[in-house]
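Each protein sequence line maps, in turn, to chains F and W.
Read in order, the letters of the first sequence correspond to residues 0 to 173 in numbering that gives the first Met the number 0.
Read in order, the letters of the second sequence correspond to residues 0 to 559 in numbering that gives the first Met the number 0.
Hints are computed from structural coordinates only; laboratory data are not their basis.
Source: prediction; values computed, not measured.
Heads up, the beta-carbon is just placed ideally off N, CA and C, and yes, glycines get one too.
Where hints are given, some of them may not hold.
[As the list claims (entries may be wrong)] Short, incomplete list of chain F residues facing chain W, as computed with Cβ under 8 Å:
1. 23
2. 68
3. 147
[Stated by the list, open to error] Distance condition first, Cα-Cα at most 16 Å in a straight line; then the derived EDC-like pairs of lysine to aspartate or glutamate:
4. W/174 <-> F/55
5. F/75 <-> W/399
6. W/174 <-> W/218
7. F/79 <-> W/299
8. W/289 <-> W/554
9. W/322 <-> W/185
10. W/129 <-> W/145
11. W/1 <-> W/132
12. W/330 <-> W/145
13. W/368 <-> W/515
14. W/174 <-> F/137
15. W/322 <-> W/218
16. F/103 <-> F/137
17. F/25 <-> W/132
18. W/60 <-> W/16
19. W/326 <-> W/218
20. W/368 <-> W/399
21. W/307 <-> F/67
22. F/79 <-> W/145
23. W/372 <-> W/399
24. W/347 <-> W/265
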Amino acid sequence: MSQTGYIPEKKTSDDVYILSALVEDKPGVLFRVTNLFRARNFNIESITVGYSESSDLSRMTITTRSDDRTLDQLVKQLRKLIDVVEVRVLNKSNTVYRELALIKMNAQDPTSRAEITNLASVFRGKILDIDKFTLTVEITGTPSKIDAFRNLVSDFGVVQLARTGVSALPRGAA
Amino acid sequence: MKGAEALMRSLEKEGVDIVFGLPGGANLPIYDALVDAKIRHILVRHEQSAAHMADGYARTKRRAGVCFATSGPGATNLITGIATAYADSSPMVAVTGQVPLEMIGKDAFQETDIIGIANPCTKYTFQPRKAIEIPETVKKGFYIAESGRPGPVLIDIPKDVQQDIQDIEFPDLIKVRGYNPAIESDLSTIGKATELLLAAQRPIIMSGGGVILAGAFSELEVLAELLMAPVVTTFKGKGSFPENHPLAMGPIGMHGHAEANKIILEADCILAIGARFSDRSVGRFDEFGKGMNIIHMDIDPAEIGKNKTVDVAIVGDVKSSMKTMIKFLNKKMVKHGTEENSWLQRRKELIDYYTESIKDYPRDLTARKVLKKLREVLPNNAIVTTEVGQCQMWTSLHFDVISPGTFFSSTGLGTMGFGFPAAIGAKAARQNVPVVDIAGDGSFNMSENSLAVSVLENLPVIVVLLNNYMLGMVAQWQRTFYNRRYEGVHLHNCPDYAKIADAYGAQGIKVQSISELENGIRSALKSNLATVIDIPIDPEEDVYPFVAPGTGLKDMIVGS
Numbered sequence: 000m001s002q003t004g005y006i007p008e009k010k011t012s013d014d015v016y017i018l019s020a021l022v023e024d025k026p027g028v029l030f031r032v033t034n035l036f037r038a039r040n041f042n043i044e045s046i047t048v049g050y051s052e053s054s055d056l057s058r059m060t061i062t063t064r065s066d067d068r069t070l071d072q073l074v075k076q077l078r079k080l081i082d083v084v085e086v087r088v089l090n091k092s093n094t095v096y097r098e099l100a101l102i103k104m105n106a107q108d109p110t111s112r113a114e115i116t117n118l119a120s121v122f123r124g125k126i127l128d129i130d131k132f133t134l135t136v137e138i139t140g141t142p143s144k145i146d147a148f149r150n151l152v153s154d155f156g157v158v159q160l161a162r163t164g165v166s167a168l169p170r171g172a173a
Numbered sequence: 000m001k002g003a004e005a006l007m008r009s010l011e012k013e014g015v016d017i018v019f020g021l022p023g024g025a026n027l028p029i030y031d032a033l034v035d036a037k038i039r040h041i042l043v044r045h046e047q048s049a050a051h052m053a054d055g056y057a058r059t060k061r062r063a064g065v066c067f068a069t070s071g072p073g074a075t076n077l078i079t080g081i082a083t084a085y086a087d088s089s090p091m092v093a094v095t096g097q098v099p100l101e102m103i104g105k106d107a108f109q110e111t112d113i114i115g116i117a118n119p120c121t122k123y124t125f126q127p128r129k130a131i132e133i134p135e136t137v138k139k140g141f142y143i144a145e146s147g148r149p150g151p152v153l154i155d156i157p158k159d160v161q162q163d164i165q166d167i168e169f170p171d172l173i174k175v176r177g178y179n180p181a182i183e184s185d186l187s188t189i190g191k192a193t194e195l196l197l198a199a200q201r202p203i204i205m206s207g208g209g210v211i212l213a214g215a216f217s218e219l220e221v222l223a224e225l226l227m228a229p230v231v232t233t234f235k236g237k238g239s240f241p242e243n244h245p246l247a248m249g250p251i252g253m254h255g256h257a258e259a260n261k262i263i264l265e266a267d268c269i270l271a272i273g274a275r276f277s278d279r280s281v282g283r284f285d286e287f288g289k290g291m292n293i294i295h296m297d298i299d300p301a302e303i304g305k306n307k308t309v310d311v312a313i314v315g316d317v318k319s320s321m322k323t324m325i326k327f328l329n330k331k332m333v334k335h336g337t338e339e340n341s342w343l344q345r346r347k348e349l350i351d352y353y354t355e356s357i358k359d360y361p362r363d364l365t366a367r368k369v370l371k372k373l374r375e376v377l378p379n380n381a382i383v384t385t386e387v388g389q390c391q392m393w394t395s396l397h398f399d400v401i402s403p404g405t406f407f408s409s410t411g412l413g414t415m416g417f418g419f420p421a422a423i424g425a426k427a428a429r430q431n432v433p434v435v436d437i438a439g440d441g442s443f444n445m446s447e448n449s450l451a452v453s454v455l456e457n458l459p460v461i462v463v464l465l466n467n468y469m470l471g472m473v474a475q476w477q478r479t480f481y482n483r484r485y486e487g488v489h490l491h492n493c494p495d496y497a498k499i500a501d502a503y504g505a506q507g508i509k510v511q512s513i514s515e516l517e518n519g520i521r522s523a524l525k526s527n528l529a530t531v532i533d534i535p536i537d538p539e540e541d542v543y544p545f546v547a548p549g550t551g552l553k554d555m556i557v558g559s
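Please build the complete structure, drawing on both the sequences and the hints.
So this is what it looks like as structure tokens:
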């Protein structure tokens with residue numbers, strides 16, 4: 000059990016960390032996890048929950064902005080939750096992680112419509128919906144790729160935006 | 000078999016002989032099954048007291064106490080007691096009734112989302128949805144409550160689940176996949192910790208509540224004597240080490256012993272055992288332990304580095320960790336010190352200095368005199384609880400706990416009204432020893448209706464009531480930090496506590512002097528009746544020493 004080992008001496012500056020947890024697939028587990036974050040003043044950037052490889056476990060991917068002392072505490076507190084079976088902090092350089100975003104933009108005039116379509120294809124996005132006034136694009140990628148796309152299209156006017164939060168798995172046998 | 004009967008059989012299988020509770024609409028089937036169970040029921044007058052009684056019972060027996068309440072207000076009334084147990088890591092199983100399954104979420108009469116409410120102050124919560132789930136739920140509940148770092152568990156049972164008749168089996172083994180409490184101690188770090196301690200010139204042991212929960216009293220004594228290390232305790236750890244031991248220094252903290260607060264700052268290596276470096280114990284986290292090596296033994300990995308970065312962490316049951324450390328020490332020891340070493344001389348110097356310089360409040364009846372007399376008169380095996388406030392902190396300062404594991408207080412949550420019901424619970428657990436609640440008028444007022452329980456259930460407790468007609472601790476802070484602008488602290492002489500005791504059929508005694516007090520305690524011990532001894536003290540008597548909130552132990556104010 001290495002969970003006791005790592006306690007950094009000094010607070011480092013905040014960074015975004017990706018945590019992957021296997022949790023019991025039963026009612027109330029998401030509540031227990033989010034309540035822990037709230038009660039102990041931990042930050043959540045995003046949280047995703049869904050089925051995992053085991054039929055009775057869900058996988059939760061949590062991204063959090065914190066310093067490494069807080070991260071150490073956060074992981075220990077998560078492990079303490081009885082419904083949490085496993086928690087890992089994923090090393091970003093050895094992890095595949097993706098987020099999906101749906102972005103609905105103003106696209107009334109044909110030039111912006113064409114431009115958005117071009118930008119979307121550069122980002123390997125898909126046009127999901129189009130009508131007289133708007134155009135909805137699906138972008139999948141790292142959060143920063145989605146941020147970049149959103150910045151590029153902000154001048155057209157983003158009408159609605161939905162992001163899933165990050166899903167992640169370690170690479171290979173890691 | 001009905002679900003409620005399955006609950007009783009399951010509790011019996013866990014060895015439960017007593018429950019504290021109060022019935023209502025949603026737990027009637029449970030009470031019906033209780034009639035035929037081999038379990039004694041103690042009827043409380045308020046559910047909060049049921050939880051405190053279960054807590055007092057648990058702390059005395061070092062196994063889970065059980066309390067019952069109905070849904071809605073019954074369940075919410077338990078919460079303060081559950082949160083108290085959670086803050087002090089006390090094992091408890093609370094069983095609440097709930098509205099029937101099909102009514103849940105319909106805002107039914109006496110419905111409350113007690114699972115949602117209890118979540119932040121329990122180790123775990125259960126809501127069995129079928130009667131057949133009850134035995135496994137109860138077994139898991141006790142396992143979780145009692146193992147690892149203990150704590151309260153809540154089992155919320157919908158009324159129809161209590162009533163359902165099903166073919167119910169009782170499991171012998173259960174497994175909770177995501178729960179692996181540390182049991183074995185972490186051998187990899189004990190060696191390093193031992194070396195640090197042996198190399199230290201001024202080692203000190205800081206013993207916390209975990210030592211009491213683990214019952215590691217003899218291990219602590221052996222360890223202290225091997226290391227020749229003075230022992231300070233946290234307030235929760237008071238009673239983990241005999242306070243008349245030649246190495247004892249008493250509790251540190253906001254109202255710790257001056258010599259304890261002083262000596263810990265002079266140490267070069269701290270061995271903290273089952274302690275969590277709370278703000279009340281260590282003052283400022285950033286200042287505490289600067290320039291010292293800190294070794295932290297605890298069963299809860301999440302306590303390591305939570306408030307304080309430490310040099311060596313030993314995760315595991317503290318009793319087994321201490322045993323291993325003792326073995327290591329015995330192997331490596333060239334006698335580490337003698338009675339004459341300068342560190343132990345320093346210990347003596349500090350005690351002498353503060354004994355000399357800290358004067359008692361200039362009155363005939365003072366908290367200090369009362370508590371010194373109480374210690375003199377009470378047998379060492381008596382169990383002592385406290386209420387919360389000045390009475391509690393005076394007890395920390397002036398009442399020495401000699402026999403380990405005989406002192407209980409709401410140290411974490413600081414719950415007023417805890418002491419008296421907890422004392423009744425302790426009495427239920429150990430009927431052959433005297434049990435005393437050291438109380439203040441403000442706190443005792445909050446659960447005085449438990450007098451009915453003490454009298455009717457023949458669980459006599461002696462309440463030593465330090466009566467200053469004030470919410471004294473708040474008044475002290477208003478005096479100290481708010482320029483004596485008093486608001487909301489005067490209780491006046493109301494009620495008359497001797498008469499209150501009398502009204503409940505208990506013994507009420509008013510004393511005006513230390514000799515009358517002595518007679519009062521002796522007569523209460525002899526009569527074995529529930530007794531309230533009302534002792535008027537001066538409302539301006541403050542608790543000193545004092546480490547003001549937000550300051551460090553070095554900033555301790557020794558006297559007014």
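Evaluation of the provided hints:
no.	hint	in the structure
1	23	holds, 6 Å
2	68	holds, 7 Å
3	147	violated, 37 Å
4	W/174 <-> F/55	holds, 15 Å
5	F/75 <-> W/399	violated, 36 Å
6	W/174 <-> W/218	violated, 31 Å
7	F/79 <-> W/299	holds, 9 Å
8	W/289 <-> W/554	holds, 15 Å
9	W/322 <-> W/185	holds, 12 Å
10	W/129 <-> W/145	violated, 25 Å
11	W/1 <-> W/132	holds, 12 Å
12	W/330 <-> W/145	violated, 33 Å
13	W/368 <-> W/515	holds, 13 Å
14	W/174 <-> F/137	violated, 44 Å
15	W/322 <-> W/218	holds, 7 Å
16	F/103 <-> F/137	holds, 9 Å
17	F/25 <-> W/132	holds, 15 Å
18	W/60 <-> W/16	holds, 12 Å
19	W/326 <-> W/218	holds, 11 Å
20	W/368 <-> W/399	holds, 13 Å
21	W/307 <-> F/67	holds, 14 Å
22	F/79 <-> W/145	holds, 15 Å
23	W/372 <-> W/399	holds, 11 Å
24	W/347 <-> W/265	holds, 14 Å
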